[in-house]
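Here is what each chain is made of, one letter per residue.
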Amino acid sequence: DAGVTQSPTHLIKTRGQHVTLRCSPISGHKSVSWYQQVLGQGPQFIFQYYEKEERGRGNFPDRFSARQFPNYSSELNVNALLLGDSALYLCASSLEDRGNYEQYFGPGTRLTVT
Amino acid sequence: AQSVSQHNHHVILSEAASLELGCNYSYGGTVNLFWYVQYPGQHLQLLLKYFSGDPLVKGIKGFEAEFIKSKFSFNLRKPSVQWSDTAEYFCAARGGATNKLIFGTGTLLAVQP
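Line order of the protein sequences matches chains A and B. Numbered according to our numbering, the first sequence spans residues 1 to 114. Numbered according to our numbering, the second sequence spans residues 115 to 227.
Hint data in this document are derived by calculation from the structure and do not stem from the laboratory. A quick note: this is a predicted structure, and the numbers were derived from the prediction, not measured. Please note: incorrect hints may appear among the correct ones.
[Unchecked claim] If you want a taste of the chain A side facing chain B, the calculated C-beta under 8 Å gives, among others: (1) SER33; (2) GLY42; (3) PRO43; (4) LYS52; (5) GLY56; (6) ALA80; (7) GLY84; (8) SER86; (9) LEU90; (10) GLU102; (11) PHE105; (12) THR112.
[Claimed, not checked] The following residues of chain B were derived to be distant from chain A, with all beta-carbon distances above 12 Å: (13) LEU158; (14) ASP199; (15) GLY220.
[Said to hold, decoys possible] With a straight-line cut-off of 20 Å between C-alpha atoms, the simulated SDA-like cross-links for lysine to any residue are: (16) B:LYS172 to A:ASN100; (17) B:LYS163 to A:ASP97; (18) B:LYS172 to A:TYR104; (19) B:LYS183 to A:ASN100; (20) A:LYS52 to A:TYR104; (21) B:LYS175 to A:TYR104; (22) B:LYS163 to A:GLU102; (23) B:LYS175 to A:GLU102; (24) A:LYS52 to B:THR212; (25) B:LYS163 to A:TYR101; (26) B:LYS172 to A:GLU102; (27) B:LYS163 to B:ALA130; (28) B:LYS163 to A:ASN100; (29) B:LYS163 to A:GLY99; (30) A:LYS30 to B:GLN116; (31) B:LYS163 to A:TYR104; (32) B:LYS163 to B:GLN116; (33) B:LYS172 to A:TYR101; (34) B:LYS163 to A:GLN44.
All C-beta atoms, glycine included, are put in the ideal place defined by N, C-alpha and C.
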């Protein structure tokens, strides 16, 4: 079975631009979460989606938004990029949105903002 | 506030040495605990998890962790490390009713052959 996949692998953007990151969960998984990992720190929770609905939001500005599609894939959008948005963006999927289910992480998208 | 603390930021060991990485959490109510590992150039992988029951949990590659509720701790152990254990290790926690993981800052382990 394929694991969680993310695209693109790497991305370079300029300040003020917009970016869209994509994630495909493991087949059968209905929940997708997004995390931001800045160099030298642990991942920080951005969003969780389940059955196309937002189920949780971390402490990130409104420039960050996401959505989940009927096939459970997801997009993370970031507007008006800042230098501080440079990070590894991780997607994780799980079978359900809560309970004794673990999350499986994708390889991430490395975003560099110049 | 919910938080996870990892006290060791960098650890250097020789092969066959024993390993213990500290993790403390601050959480109200039911908590699930995890250790993830990130090998160089690879994505985060789950080493082990605690949901309930036996507080001593065993994971992959000979790792184990002990949940001590009174100390709010979930330390990771391995009796004899190998060079291939060189990686970054993250402790994470979540409440029982949510999927939101809160991670510690990570511990970079270097095992010298």
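To see whether the hints hold, each was checked on the structure:
For SER33 of chain A, the interface hint holds, since its Cβ comes within 8 Å of a Cβ in chain B; the closest pair sits about 6 Å apart. Of the supplied interface hints, the one on GLY42 of chain A holds, with its beta-carbon coming within about 3 Å of a beta-carbon of chain B, less than 8 Å. The criterion of a C-beta within 8 Å of any C-beta in chain B is met by PRO43 of chain A, whose closest approach is roughly 5 Å, and the hint holds. Hint status for LYS52 of chain A relative to chain B: violated, with the closest Cβ pair at about 15 Å, above 8 Å.
For GLY56 of chain A, the suggested interface contact is upheld, since its CB lies about 5 Å from the closest CB of chain B, less than 8 Å. A cut of 8 Å between beta carbons decides the hint on ALA80 of chain A: the least distance to chain B is about 25 Å, and the hint is violated. Interface hint at GLY84 of chain A: violated, since its Cβ lies 17 Å from the closest Cβ of chain B, which is beyond the 8 Å cut-off. Nearest Cβ of chain B to the Cβ of SER86 of chain A: about 18 Å, over the 8 Å cut. The hint is violated.
At about 7 Å, the closest approach between the beta carbon of LEU90 of chain A and any beta carbon in chain B falls short of 8 Å, and the interface hint on this residue holds. This hint holds: GLU102 of chain A has a C-beta 6 Å from the nearest C-beta of chain B, less than the 8 Å allowed. Nearest Cβ of chain B to the Cβ of PHE105 of chain A: about 4 Å, under the 8 Å cut. The hint holds. A distance limit of 8 Å between C-beta atoms decides the matter here; for THR112 of chain A the minimum to chain B is near 17 Å, and the interface restraint is violated.
With a minimum CB-CB distance of about 4 Å to chain A, LEU158 of chain B fails to clear the 12 Å threshold, and the non-interface call is violated. With 12 Å as the threshold on Cβ separation, the claim that ASP199 of chain B sits away from chain A holds: the shortest Cβ distance comes to roughly 19 Å. Not every beta carbon of chain A lies more than 12 Å from that of GLY220 of chain B, the smallest distance being close to 5 Å; the non-interface claim is violated. Between LYS172 of chain B and ASN100 of chain A the alpha-carbon distance is near 16 Å, which keeps this suggested pair within the 20 Å criterion.
In summary, the hint linking LYS163 of chain B to ASP97 of chain A is supported, as the alpha carbons are separated by about 17 Å, within the 20 Å threshold. Distance restraint check for LYS172 of chain B and TYR104 of chain A: the Cα-Cα separation of roughly 18 Å lies within the 20 Å cut-off, and the hinted pair is therefore satisfied. The hinted pair formed by LYS183 of chain B and ASN100 of chain A meets the criterion: a straight-line CA distance of about 18 Å does not exceed 20 Å. Between the alpha carbons of LYS52 of chain A and TYR104 of chain A the distance comes to roughly 19 Å, so the proposed pair stays at or under 20 Å and holds.
Restraint check: the Cα-Cα separation between LYS175 of chain B and TYR104 of chain A comes to about 18 Å, which is no more than 20 Å; the hinted pair holds. Using a Cα cut-off of 20 Å, the hinted pair LYS163 of chain B and GLU102 of chain A holds, with the two alpha carbons roughly 8 Å apart. For the hint linking LYS175 of chain B to GLU102 of chain A, the alpha-carbon distance of about 18 Å falls within 20 Å, and the restraint holds. With a C-alpha separation of about 16 Å, the suggested pair LYS52 of chain A and THR212 of chain B falls inside the 20 Å cut-off, and the hint holds.
A distance of roughly 10 Å separates the Cα atoms of LYS163 of chain B and TYR101 of chain A; the hinted pair therefore holds under the 20 Å criterion. For the suggested pair LYS172 of chain B and GLU102 of chain A, the alpha carbons sit about 15 Å apart, so the restraint of at most 20 Å is met. Taking the CA atoms of LYS163 of chain B and ALA130 of chain B, the gap is about 24 Å. The hint is violated against a cut of 20 Å. For a cut-off of 20 Å, the pair hint linking LYS163 of chain B to ASN100 of chain A stands: about 10 Å separates their Cα positions.
A distance of roughly 13 Å separates the Cα atoms of LYS163 of chain B and GLY99 of chain A; the hinted pair therefore holds under the 20 Å criterion. Taking the CA atoms of LYS30 of chain A and GLN116 of chain B, the gap is about 26 Å. The hint is violated against a cut of 20 Å. Under the criterion of a C-alpha separation no larger than 20 Å, the hint pairing LYS163 of chain B with TYR104 of chain A is consistent with the structure, at around 12 Å. Between LYS163 of chain B and GLN116 of chain B, the direct Cα distance comes to roughly 18 Å. Compliance with the 20 Å bound is thereby established for this hinted pair.
Distance check on the hinted pair: LYS172 of chain B and TYR101 of chain A sit about 17 Å apart at the alpha-carbon level, within 20 Å; holds. Under the criterion of a C-alpha separation no larger than 20 Å, the hint pairing LYS163 of chain B with GLN44 of chain A is consistent with the structure, at around 19 Å.
Violated hints, in rising order: 4, 6, 7, 8, 12, 13, 15, 27, 30; the structure is consistent with all others.
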